[in-house]
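Line order of the protein sequences matches chains U and F.
Numbering-wise, the first sequence is residues 1 to 224 according to my numbering.
Numbering-wise, the second sequence is residues 1 to 219 according to my numbering.
Hints are supplied without guarantee of correctness; some may be wrong.
Claimed, not checked - Pair by pair, the computed Cβ-Cβ distance ranges are:
1) F:R38 <-> U:K214: 27 to 37 Å
2) U:A150 <-> F:K18: 25 to 35 Å
3) F:I105 <-> U:D137: 45 to 55 Å
4) F:K164 <-> U:H185: 18 to 28 Å
5) F:E113 <-> U:T6: 23 to 33 Å
6) U:S52 <-> F:E163: 20 to 30 Å
7) U:K166 <-> F:R38: 43 to 53 Å
8) U:K35 <-> F:E163: 22 to 32 Å
9) U:T140 <-> F:S187: 53 to 63 Å
10) F:L29 <-> U:I13: 44 to 54 Å
11) F:E163 <-> U:K214: 15 to 25 Å
12) F:N4 <-> U:S71: 18 to 28 Å
What the hints assert, rightly or not - Quick look at which bits of chain U chain F covers, simulated, 3 or more residues with Cβ under 8 Å:
13) 106-112
14) 118-124
15) 131-143
Honestly, the hints are just simulated from the structure, not real lab data.
Each residue gets a CB set at the ideal place from its N, CA and C atoms; glycine is no exception.
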Amino acid sequence: MKVEKTKYDGFYIGWQGNRRLLFTRNLTPGKSFFKERLIKENGIEYREFNPSRSKLGAAIIKKIDEIPIKSGSKVLYLGASHGYTPSFVSDVVGPNGFVFALDFAPRVVRDLYFVCEARSNMAPILGDAGKPETYADKITEVDVIYQDIAQKMQIEILFKNLRFLKPKGYALIAVKARSIDVTRHPSKIFAECREKLEKQLKVLDWKTLDPLEKDHAFFVCQKK
Amino acid sequence: MVKNIQELRKLNLESTRKAIAEGFSRDVLIIQTSHTLRELDEIINRLVANLRERYGYYAPRIARDGTNEELLNSLKNPVKDEMGIKLSVEDLKSINELGKEIENITHLKAEQEKYLDKLMDDVCPELKKAATSIIGAQLLAIAGSLRHLAELPSSTIQVLGAEKALFRHIKTGAKPPRFGVIFAHPSIANAKETEKGKTARKLASKISIAVKMDYFKVK
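Pulled out of the complex, with its shape left as it was, chain U reads as follows (with noise of 0.2 Å):
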C-alpha cells in the first residue's frame, strides 16, 4: 500500500483498491492496542485510523480546514474514553509532545490508564472536566484543547477550561445537538453553538459529521 502525507499534519493516507484509509505514524511500532491495523512502508510502521470510531478522522474526512495539532504539540483532552482518538493524536504530537488524557468514569479510565502506561507522552486524568480546579496542579499550560463530552453544558465546559490554553492556542471541540437539546433541529443548535463559541473564541472553521456521526459537529477554533 502506498501512504502519502495529507494536508493535516502526522497524518497520512493509504489507498487499499478504491478504499481510502487514514494512518498516523505509530509512536510504539509492533504495538496495537484497538486490534488497529498496522502497516509497514519504507521501514516505517502505521497504525490504521478509523474515522467511524472517531470524531477527529470524521472532521478530516469531511474535510475540515486544518488541524492544529502538530509534533510537538501538548494537547489537554477532555472526554478520553478509552483512549481511541487519544492514541492518534499521540502518534501525532510525537516524543516531543504530550497529551493530558482526562474521562469521568473509572472503568474507562481503567482502560485508557494501560494506553498512557504504554506511551511515554499520554498521562491520564481520573477527573471531572466540569471542575478544572481539581486537575489544575496536574497539567500544564497546553498549546491545544480537545473536547469530546456529550454533556448539555459542553460550551461551558470548554470555556472553563481555557485558563490551560495558552495565548493563541487552539480549541477543537465535537458538538454532540442531541446532547445539548434532544427535541430541536440540529442546525439550530450548531449555529447557537458557534455564537457561543464566538463570544470567547474565534471560529475557524466547522463541520457537520453525517454520515459518519449523526447530529454532530466539529469546531477549530482559536483563543482570541
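With chain U's structure known, arrange chain F on it following the hints.
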C-alpha cells in the same frame, strides 16, 4: 514554575491507579453477578435444548416430555426406547458427560444466586425486601448504579426493562407498558389481569422508597 512533564506523567499514572482502586462501590458486584446469572441461565437453556435433541434419538419419550431433572437423572441409567436408535457405550458416555456439565453449571448458578442474596443483604437490604434479590439486582443493572436508581422517579422504575414498549408509546402513541422487569414479582404475577397495572404502580412506589433508604443508609 516549570513543571517537568515526565514527572507529572508519573504522578498522574500513580494518582489514577489510586483513584480507580479507591473509587469503587459494591453495587458494581451486584450488577456484574446479575449479568453472570443471566448468562448462566441462557447457557443452561441452550445446552439442555441441545441435550434433548441429541439424547432424543436414543430415548425420545424422556427427551420430549421429561423435566430437566428427570432428563439428567435418566442419563445416569440410560434406557433405550423402542423407537430409539442404537448407541454405543462411548456414544452414551459422551452424552452423559454433557449432562454432568449441565448439572455443574446449574449448581454454579445456584451458588451465584446465594452469593447475590448475601450481597443484596449487605448493600441494599430494603431493595431486596421490596423487590426480591433477582429483580432488585436487575433494576440496579439497568439503572447502572445504586445512586442512579435512587434518583429515578417511581414511574421510571415501574417500566425499567420495557424500553422498547416505552419509546414506541412515546413516538407512536401506542399503549404504554404497565411494567418492566418488575413483572416477575409475585405480587404482580399473582394479581388479576385487571389489577396488574395498579399493583405495578404501587410496587414501583415502594421500591423507589426502599432504594432511597438503602442509598442514604436510613435504617
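Each hint, compared with the structure:
| no. | hint | result |
| --- | --- | --- |
| 1 | F:R38 <-> U:K214: 27 to 37 Å | 30 Å, holds |
| 2 | U:A150 <-> F:K18: 25 to 35 Å | 27 Å, holds |
| 3 | F:I105 <-> U:D137: 45 to 55 Å | 51 Å, holds |
| 4 | F:K164 <-> U:H185: 18 to 28 Å | 26 Å, holds |
| 5 | F:E113 <-> U:T6: 23 to 33 Å | 56 Å, violated |
| 6 | U:S52 <-> F:E163: 20 to 30 Å | 25 Å, holds |
| 7 | U:K166 <-> F:R38: 43 to 53 Å | 51 Å, holds |
| 8 | U:K35 <-> F:E163: 22 to 32 Å | 30 Å, holds |
| 9 | U:T140 <-> F:S187: 53 to 63 Å | 59 Å, holds |
| 10 | F:L29 <-> U:I13: 44 to 54 Å | 47 Å, holds |
| 11 | F:E163 <-> U:K214: 15 to 25 Å | 20 Å, holds |
| 12 | F:N4 <-> U:S71: 18 to 28 Å | 20 Å, holds |
| 13 | 106-112 | holds (count 3) |
| 14 | 118-124 | holds (count 4) |
| 15 | 131-143 | holds (count 3) |
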